[in-house]
Amino acid sequence: MTKSILQRFGGLLEPTNLYIVSVIAYSSSNRPENIGGIAKEAVEEVGPSIFAKLREALVKSAPLVGFPRTINSLRELAQNSPKAFPNDFSRASDEQVNTSVRGKLYFEKTYGKVTDRVLNSMQSSSSDLAHIAIDYAYGKVLSFNEIITPLETSLVIIASLVPQDVNPQLRGHLKGALNHGATKEQVMGARNISIQIAKDCGITFRGDVESL
Numbered sequence: 001m002t003k004s005i006l007q008r009f010g011g012l013l014e015p016t017n018l019y020i021v022s023v024i025a026y027s028s029s030n031r032p033e034n035i036g037g038i039a040k041e042a043v044e045e046v047g048p049s050i051f052a053k054l055r056e057a058l059v060k061s062a063p064l065v066g067f068p069r070t071i072n073s074l075r076e077l078a079q080n081s082p083k084a085f086p087n088d089f090s091r092a093s094d095e096q097v098n099t100s101v102r103g104k105l106y107f108e109k110t111y112g113k114v115t116d117r118v119l120n121s122m123q124s125s126s127s128d129l130a131h132i133a134i135d136y137a138y139g140k141v142l143s144f145n146e147i148i149t150p151l152e153t154s155l156v157i158i159a160s161l162v163p164q165d166v167n168p169q170l171r172g173h174l175k176g177a178l179n180h181g182a183t184k185e186q187v188m189g190a191r192n193i194s195i196q197i198a199k200d201c202g203i204t205f206r207g208d209v210e211s212l
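Sequence positions in the sequence shown follow the UniProt record's numbering and run 1 to 212.
Hints are computed from structural coordinates only; laboratory data are not their basis. Please note that a few of the clues may not be correct.
DSBU-like mimics (lysine-lysine), calculated; alpha carbons at most 30 angstroms apart, straight line [said to hold, decoys possible]:
| no. | residue 1 | residue 2 |
| --- | --- | --- |
| 1 | K40 | K184 |
| 2 | K83 | K3 |
| 3 | K104 | K184 |
| 4 | K140 | K184 |
| 5 | K113 | K175 |
| 6 | K83 | K140 |
| 7 | K113 | K140 |
| 8 | K175 | K140 |
| 9 | K140 | K109 |
| 10 | K40 | K83 |
| 11 | K175 | K104 |
| 12 | K104 | K140 |
| 13 | K109 | K184 |
With these hints in hand, go ahead and build the complete structure from the sequences.
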């Protein structure tokens with residue numbers, strides 16, 4: 001019998017974070033077909049309230065893993081929604097918020113003392129990319145904290161990046177998770193779970209995965 005997510009990884013993260021990381025790691029690994037089963041398990045183990053967190057985690061992963069994978073994963077999640085679960089537009093509250101300013105502040109919180117270096121590096125490659133990152137990815141998506149917390153968002157980012165084998169970006173976000181309140185144990189738990197899920201999905205890493 002296949003072990004549940006909780007049986008496999010329960011000692012590495014508390015249940016809510018465990019299910020968030022697992023769903024995102026499978027989505028990033030392009031295995032949306034596994035998400036429905038995880039969602040059912042999560043609702044049974046944690047309760048229906050976790051469904052909104054899983055959905056928001058996938059939404060937040062979109063700028064990181066891409067819209068096609070996110071769309072497919074959200075479709076699988078929706079097919080396993082608790083009965084009569086609402087599908088409201090949660091970001092309607094952002095209409096009165098300067099999300100560009102919020103995104104810049106979130107970016108600065110994430111990167112800390114290396115903020116200018118990271119931003120200058122993006123701007124030197126493409127000013128458009130830097131603007132999109134701050135205004136859209138950080139401003140409209142990642143910094144919206146009404147459903148999942150900054151700590152949970154940091155774990156979403158780690159689980160999104162690990163299967164893509166992008167150490168330069170992962171390095172900054174492992175440290176950034178600490179800036180958003182995660183412990184080293186939580187960061188490494190998210191990393192290690194994502195590595196194992198990626199390997200289960202047939203992903204081969206080119207070398208060692210970045211670590212703290």
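Checked hints:
Our distance criterion of 30 angstroms between C-alpha atoms is met by K40 and K184, whose separation comes to about 29 angstroms. Note on K83 and K3: the hinted pairing holds, with a Cα-Cα distance of about 26 angstroms set against a maximum of 30 angstroms. Distance check on the hinted pair: K104 and K184 sit about 25 angstroms apart at the alpha-carbon level, within 30 angstroms; holds. With a CA separation close to 27 angstroms, the supplied pair K140 and K184 stays within the 30 angstroms bound.
Taking the CA atoms of K113 and K175, the gap is near 11 angstroms; set against the 30 angstroms cutoff, the hint holds. Between K83 and K140, the direct Cα distance comes to roughly 29 angstroms. Compliance with the 30 angstroms bound is thereby established for this hinted pair. Between K113 and K140 the CA atoms are separated by roughly 23 angstroms; this keeps the pair inside 30 angstroms, and the hint holds. Pair hint K175 plus K140 holds up; C-alpha atoms about 22 angstroms apart against a cutoff of 30 angstroms.
The straight-line distance between the Cα atoms of K140 and K109 is roughly 16 angstroms, inside the 30 angstroms bound, and the hint therefore holds. Under the criterion of a C-alpha separation no larger than 30 angstroms, the hint pairing K40 with K83 is consistent with the structure, at around 12 angstroms. Between K175 and K104 the alpha-carbon distance is near 18 angstroms, which keeps this suggested pair within the 30 angstroms criterion. Annotation: proposed proximity of K104 to K140 holds, straight-line Cα distance about 11 angstroms (limit 30 angstroms).
This hinted pair checks out: K109 and K184 have alpha carbons roughly 17 angstroms apart, not beyond 30 angstroms.
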